[in-house]
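Engineer: Using the hints, position chain B against chain A.
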Amino acid sequence: DQQVKQNSPSLSVQEGRISILNCDYTNSMFDYFLWYKKYPAEGPTFLISISSIKDKNEDGRFTVFLNKSAKHLSLHIVPSQPGDSAVYFCAAATNTGNQFYFGTGTSLTVIP
Amino acid sequence: KAGVTQTPRYLIKTRGQQVTLSCSPISGHRSVSWYQQTPGQGLQFLFEYFSETQRNKGNFPGRFSGRQFSNSRSEMNVSTLELGDSALYLCASSGHQNTEAFFGQGTRLTVV
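Protein sequences appear in the order of chains A and B. Each residue of the first sequence is one higher than the last, beginning at 1 in this note's numbering. Each residue of the second sequence is one higher than the last, beginning at 1 in this note's numbering.
With the rest of the complex left out, here is chain A:
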């Protein structure tokens, strides 16, 4: 039972344009959401997070948007750079510990 879903396995974007990665969840008890970036043969690297009391969080080129009514979050990368090419995972957690539910990932390719 996949409680966090990333329906786009891959995405290609031109350098300098915006990358938008999407994530949907089903559990209304989730109150903390994160995005991770992963290169092959490495562990995921934390990018940005958002708590359910907010609808937007920004950190440099990365912005996460949360729409609680739609149970949807998205990650915007502006401008996209070739070094952003990686697999991006969204994750969610409730307030009962540090158990994160991950999506299956979206492979982003930024074309120079």
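Note that these hints are calculated values from the structure, not bench results. Quick reminder that beta carbons are idealized off the backbone N, C-alpha and C, glycines included. You can trust all of the hints, since none of them are fake.
Taking lysine-lysine and the DSBU-like style, the derived pairs with C-alpha atoms no more than 30 Å apart in a straight line are: (1) B:Lys-57 / A:Lys-71; (2) A:Lys-54 / B:Lys-57; (3) A:Lys-5 / B:Lys-57; (4) A:Lys-37 / A:Lys-5; (5) B:Lys-57 / A:Lys-37; (6) A:Lys-68 / B:Lys-57.
Rough simulated footprint, nothing fancy, chain B against chain A, three-plus residues with beta-carbon under 8 Å: (7) 37 to 48; (8) 91 to 105.
Structural biologist: Below, chain B alone, put in the same frame as chain A:
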């Protein structure tokens, strides 16, 4: 500040054997979680330990077990290995609830 350290990085075992993986969290972090990553399945939560106690457990058979020591280091054990246990096993440490988890580089287990 040293990151999360997992050993060994690579492991090859035979079906039916058992294996123990080790994780040293970031200094000061008391929560350690384990995840299994297989192609197409994303990261699946195995269990979380906090102050030597298992706080959360995922949907894995009893062949998967873990423990945490007083210095917060954690071990994960898999007994009676099956071919399907071949995966990247990731350990993550967290300082507080609802904060980001920091991942190690993982242990790549291959069961032949």
